[in-house]
Amino acid sequence: MIYLTEKIGEEKITNQLLKIYSLLFEKYKDQHWWPADTKFEVIVGAVLTQFISWRNVVKAIDNIKERNLLDVYKMHECDIELIKEMIRPAGFFNRKSVVLKSVIAFLIEEYDGDIDKMFYTSLEVLREKLLMVKGIGPETADSILLYAGSKRIFVVDAYTIRIFTRLGFLKGDEKYHQVQQFFMNNLPTEVDLYNQYHALIVKLGSECCYGKKPKCDNCVLKDLGCTL
DNA sequence: GCCCAGGGGGCTC
DNA sequence: GAGCCCCATGGG
1 MIYLTEKIGE EKITNQLLKI YSLLFEKYKD QHWWPADTKF EVIVGAVLTQ
51 FISWRNVVKA IDNIKERNLL DVYKMHECDI ELIKEMIRPA GFFNRKSVVL
101 KSVIAFLIEE YDGDIDKMFY TSLEVLREKL LMVKGIGPET ADSILLYAGS
151 KRIFVVDAYT IRIFTRLGFL KGDEKYHQVQ QFFMNNLPTE VDLYNQYHAL
201 IVKLGSECCY GKKPKCDNCV LKDLGCTL
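Residue numbers (my numbering): 1 to 228.
Just so you know, the hints here were simulated from the structure itself, not pulled from any lab data. Nothing here was measured: the structure is a model prediction, and the numbers come from that model. Just so you know, even glycine gets a beta-carbon here, dropped at the ideal spot from N, CA and C. Warning: the hint list may mix true and false statements.
To be verified - The calculated lysine to aspartate or glutamate pairs, modelled on DMTMM-like cross-linking and capped at a C-alpha distance of 20 Å, are: (1) 74 / 112; (2) 203 / 79; (3) 129 / 110; (4) 39 / 116; (5) 151 / 110; (6) 27 / 223; (7) 151 / 139; (8) 203 / 139; (9) 129 / 114.
Unchecked claim - Derived Cβ-Cβ restraints for the label pairs, each shown as a range: (10) 25 / 108: 32 to 40 Å; (11) 14 / 129: 29 to 37 Å; (12) 71 / 131: 22 to 30 Å; (13) 95 / 223: 36 to 44 Å; (14) 68 / 192: 14 to 22 Å.
With the hints as constraints, model all of the structure from the sequences given.
Have a look at this one:
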């Protein structure tokens with residue numbers, strides 16, 4: 001499952017990935033992810049950002065903060081209709097309100113609402129548990145694990161696949177897990193690197209490789225021969 | 001109006 | 001297991 005890109009040359013995949021990382025970091029700098037004040041906020045944001053621009057998520061989270069409800073137990077007690085109202089800007093509010101309630105119930109039932117306690121659980125076990133919550137898929141689970149729990153897991157999203165397919169590393173039809181393994185097998189196992197790399201990919205994706213028709217006139221990856 | 005956004009689940013065949 | 005469809009708001 002190695003697709004050595006001809007565009008970059010014959011360097012080892014690891015070096016290629018690190019080179020891309022360097023170019024991205026050089027241009028976009030530290031992204032300071034996840035943009036949140038607390039681990040609970042990371043979890044809420046990870047659910048709300050599903051298939052929605054972060055801009056909309058900020059509005060939803062601000063609504064929750066304004067009412068001083070961004071707290072495990074307060075949200076647990078909160079009427080679901082109020083939750084729907086607050087998260088409305090983030091779209092799919094009927095579903096996401098249920099997902100939030102489910103995650104919070106999971107937190108309380110399994111870990112007494114203590115998020116730090118949750119992260120004492122091993123990565124593999126906790127990942128499986130999170131995936132059992134309806135509405136939590138691989139990307140959401142991994143975002144929570146990496147960005148709230150500082151677990152060593154690489155987050156894959158649509159931009160990751162789109163960009164690295166266009167760069168020639170992927171065919172584009174790989175499963176989430178395969179893409180994740182590609183990065184984890186070829187990158188140093190470092191939480192900070194995983195954190196920053198995904199954030200930079202999202203930055204590049206939302207700024208440059210936007211949509212099906214890329215607009216990459218000033219794309220940093222052109223230095224690599226990328227013809228996105 | 002159109003396309004797209006830091007996905008996920010359920011259904012069909 | 002690969003296709004579809006649905007979810008729903010907001011910015012460009």
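Each hint tested on the structure:
1. 74 / 112: holds, 14 Å
2. 203 / 79: violated, 35 Å
3. 129 / 110: holds, 10 Å
4. 39 / 116: holds, 9 Å
5. 151 / 110: holds, 19 Å
6. 27 / 223: Holds - the C-alpha atoms of residue 223 and residue 27 are around 12 Å apart, at most 20 Å.
7. 151 / 139: holds, 14 Å
8. 203 / 139: Holds, because 17 Å separates the two Cα atoms, which is no more than 20 Å.
9. 129 / 114: At roughly 15 Å apart (the allowed maximum being 20 Å), residue 114 and residue 129 satisfy the hint.
10. 25 / 108: 32 to 40 Å: Since residue 25 and residue 108 have Cβ atoms about 39 Å apart, the given range 32 to 40 Å holds.
11. 14 / 129: 29 to 37 Å: Holds: the Cβ-Cβ distance is about 31 Å, inside 29 to 37 Å.
12. 71 / 131: 22 to 30 Å: The hint (22 to 30 Å, Cβ to Cβ) holds, given that residue 71 and residue 131 are roughly 25 Å apart.
13. 95 / 223: 36 to 44 Å: For residue 95 and residue 223 the Cβ distance comes to about 41 Å; the hint holds.
14. 68 / 192: 14 to 22 Å: violated, 32 Å
Checked against the numbered hints given earlier, the structure breaks hints 2, 14 and satisfies all the rest.
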